[in-house]
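Spelled out from the first residue to the last, the chains are:
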Amino acid sequence: MASEITSQQVEDNVLRSQIDRSLRHPVMFFFTSGAAWLAVSLILGVIASAKSHSPGFLGECSFFNYGRVFQAHMATFIYGWGAQAAFGVIIWLMARLSRQESKKSGIILAIGHFWNFAISLGTLCILMGPGFILGSGTGKAWMYFPDWVWPVLLVCYFGIGIWSVIAFRVRRGGHVYISQWYLMAALFWFPWVFLTGNIFINTFADAGNGVMAAGINAWFRSAMLFLFFTPVAIASAYYITPKVTGRPVYSYKLALLGFWSLAVIGPWAGMQKVMGAPIPSFLQFAGAGAAVLFIIPALCVAVNILKTATGKTSAVAHSPSLRFTMAGIIGLIATAVVGGLLALPGALRYTQFAFGGTYGYEILALYGFFSMSMFGAIYFIVPRVTNREWISVGLIRQHFWLSLYGVVFIGLFCCILGAFMHGYALETFTVPAESAQDRLYAYTVGVTTGWVFVAVANVFFCLHLLLMWLRLGRRSSHPTLLQHHTPTIPVA
Amino acid sequence: MTVKTFFIGLIASFALPWLAVVAVPYATMRAVEIPQFDLSKDGKEGAYTPVKSGHVTFGSTIYGAEGCAQCHSQLARPTYAGNDLGRPDLAGIAKDPDIGDTRRESNLWDYAGEPFAWIGETRMGPDLGNFGRRMEILALKENKVRAEELGIKVVDLPQAEKFNIVTSVNLHLYDPRIGNYSSICQSNKSLFETKKVYGQGAVNALPIESNDGQQIIPGEKVLTLTSYLLGLKRDGEVPSSINYSRNKKSSK
Chain A
1 MASEITSQQV EDNVLRSQID RSLRHPVMFF FTSGAAWLAV SLILGVIASA KSHSPGFLGE
61 CSFFNYGRVF QAHMATFIYG WGAQAAFGVI IWLMARLSRQ ESKKSGIILA IGHFWNFAIS
121 LGTLCILMGP GFILGSGTGK AWMYFPDWVW PVLLVCYFGI GIWSVIAFRV RRGGHVYISQ
181 WYLMAALFWF PWVFLTGNIF INTFADAGNG VMAAGINAWF RSAMLFLFFT PVAIASAYYI
241 TPKVTGRPVY SYKLALLGFW SLAVIGPWAG MQKVMGAPIP SFLQFAGAGA AVLFIIPALC
301 VAVNILKTAT GKTSAVAHSP SLRFTMAGII GLIATAVVGG LLALPGALRY TQFAFGGTYG
361 YEILALYGFF SMSMFGAIYF IVPRVTNREW ISVGLIRQHF WLSLYGVVFI GLFCCILGAF
421 MHGYALETFT VPAESAQDRL YAYTVGVTTG WVFVAVANVF FCLHLLLMWL RLGRRSSHPT
481 LLQHHTPTIP VA
Chain B
1 MTVKTFFIGL IASFALPWLA VVAVPYATMR AVEIPQFDLS KDGKEGAYTP VKSGHVTFGS
61 TIYGAEGCAQ CHSQLARPTY AGNDLGRPDL AGIAKDPDIG DTRRESNLWD YAGEPFAWIG
121 ETRMGPDLGN FGRRMEILAL KENKVRAEEL GIKVVDLPQA EKFNIVTSVN LHLYDPRIGN
181 YSSICQSNKS LFETKKVYGQ GAVNALPIES NDGQQIIPGE KVLTLTSYLL GLKRDGEVPS
241 SINYSRNKKS SK
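Protein sequence lines correspond, in order, to chains A and B.
Residues 1 to 492 (UniProt numbering) are what the first sequence spells out, left to right.
Residues 1 to 252 (UniProt numbering) are what the second sequence spells out, left to right.
Note that these hints are calculated values from the structure, not bench results.
One should not assume that every hint holds.
Unchecked claim - Listed below are several chain A residues computed to face chain B (Cβ distance under 8 Å; list not exhaustive): (1) F70; (2) K140; (3) W142; (4) A185; (5) V264; (6) L283; (7) F353.
To be verified - Part of the chain A face toward chain B, derived, beta carbon under 7 Å: (8) P130; (9) I216; (10) V274; (11) P278.
The structure displayed is predicted, hence computed values, not measured ones.
Backbone N, C-alpha and C fix where the C-beta goes; we use that ideal spot for every residue, glycine too.
When you get a sec, could you build the whole thing from the sequences and use the hints?
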């Protein structure tokens, strides 16, 4: 090192390592258990998808009935993996950006166990079906767990999230970075959305109208996606990209526009899913409009991030965090464009009830965008909190390529082809409905294939992460890079 | 941007849509005025009170828990949202010589008694909004054919010879591929019981051969679900104020 190390830099390094050490266990717990749930969810997803074209798969054991496995697959994906990955990123990123070490990591770790326990029991209830002593799956999208689960999850959320809000309140330095806006917004939106959805649909189910409950459910899943998973993933991208490329964010104004357009547009979307149902048509078209307009915040973020990384192709190629983050940003553009296309009122008549019109879109958003960004963050955070480097470059590489191929496969077969071709057959009322079912076969097989890729990738990812938590990673001062190169500084 | 303006903006940008698309519609939809028949337009008076039959609330819960809504929708969309009124038997009975045309789009009262309307995720399976009506028509046709075979009138058909709607639905729930080999629907065998036959056996046993004198008998949950499914009859006459049909009778 030619430049002199100032006392300020030393202090910063010490503070950073203190923050990392203080959060090692909660962060690793959320990532590892999240990855384990992801592996479980994907295996359930493969089963569900296989049953959608070969109903005799795994015999006719009711435990693995399509209706139950599908619910368990989505529930574990969202609350097992998605939420926990987000928690890990939120607590670490907020601590780092607020320059405050966590003093309550023991509490967070303990509450994390409750969260996992509730999810495990909830998943068991879904698979056991009606009549099980602890309740059964509800069949309501994104609210599949029996009614007693959501209050537990909400209390756990407050126990986990409150410390990040406090860290923000007592932040050092005063300057608020873009990622912090998104994290604070996500921390603020999640309880409001989660509480609204569950109170209106579950607690006061008998007081309200069933059709409106279905509408609010459609709003709920869209709001969870746009107002919780999306801001967390964007916060991570705004952190990782400048860090790895060593450049400031391209445009602060564009970041502002992206943030506020998401805040203004996001909460309106969702009810286009129940287009044609007997609820006010204003709600349906407002939902469709907002789903199309989501392209604005998505493009603002994507342009900003891509411009920040322009010209740093070698960094994108070498750094696993940046490569996953960039893939996630491409996923964001794809999600926004495909989502807008599927929600256009003219297209909605085909895509609304078509295979994959909703599922494919949600997978594209949750895996192609959110999960890829989270993987990027995990590949960045884990070596810092464990103080070890990733064990195997090969495992990271297989994780990236299998994920990418898998999600592109699903996006193509399920979202585009599945939605429009199946939907077209459904809408052509002069041909018998069975012809629509015949068309389905190719797309369902396509989705199974995609899920197999992704499931293999993530089973190994989970193992890799587990080994890292056991601190079996490489002791090295050099980051794990994806390309072979001759080191300029010989390691003694 | 200060932290204060940030939070004010955050709350304002969320609260407005929250009120507009969630809270206020929820409150107003709780108590929608029941439409009335109009003597001059409908030829009769009184409130619109569609008859609901079957175990609606409990059946609806089982329908959800088994994930039926994942593949079956229950919605006849208006023409601005889809061609459901054109699809035979989805929105009602199309041009039956005896019954006429009963097709119409779904309305709010179709879902009465259900805490959650199963609008549905996909149509990988057929729409079930008028499943009960379709089965009813199927039974009429079957009985007619059977009576013709026996050379008697339909009304004289002995009970044992009649088409049993409940057993037919139970059979589908037991194994959907019995009636339709290419069905991708799930079988719900765990909801049935296999019992040894004593005497004449159970009345509602499924008409399939089983090993060593055993019968397959639908459990309580299957009967509830079947009752719910057979109660799905969302067609027929509606007051002119909510009738959007092209063939609507104009006021005389």
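Would the hint on W142 of chain A stand, with a C-beta cut-off of 8 Å toward chain B? 11 Å, violated
Would the stated hint for P278 of chain A survive a check requiring a Cβ distance to chain B of less than 7 Å? 4 Å, holds
When the nearest CB of chain B is found for F353 of chain A, is that gap smaller than 8 Å? 4 Å, holds
Restraint outcome when V264 of chain A is required to lie within 8 Å of chain B by C-beta distance: With a closest approach of 5 Å, the V264 of chain A hint holds.
Using Cβ atoms only, decide whether I216 of chain A comes closer than 7 Å to chain B, and label the hint accordingly. Check passed: Cβ of I216 of chain A comes within 6 Å of chain B, closer than 7 Å.
V274 of chain A as chain B interface residue, shortest Cβ-Cβ below 7 Å: Status holds, d = 5 Å.
When the nearest CB of chain B is found for F70 of chain A, is that gap smaller than 8 Å? 5 Å, holds
Please check whether L283 of chain A passes as an interface residue: C-beta within 8 Å of a C-beta belonging to chain B. 5 Å, holds
Grab the minimum C-beta distance from P130 of chain A to chain B and call the hint holds if it beats 7 Å, violated otherwise. Hint on P130 of chain A: holds, closest Cβ of chain B at ~4 Å, below 7 Å.
Should the interface hint for K140 of chain A be scored as holding, given a Cβ-Cβ cut-off of 8 Å against chain B? Holds - the Cβ of K140 of chain A comes within 8 Å of chain B, reaching about 6 Å at its closest.
Hold the hint about A185 of chain A up to the distance rule: shortest CB distance to chain B must be less than 8 Å. 6 Å, holds
In this structure, the one hint that does not hold is number 3.
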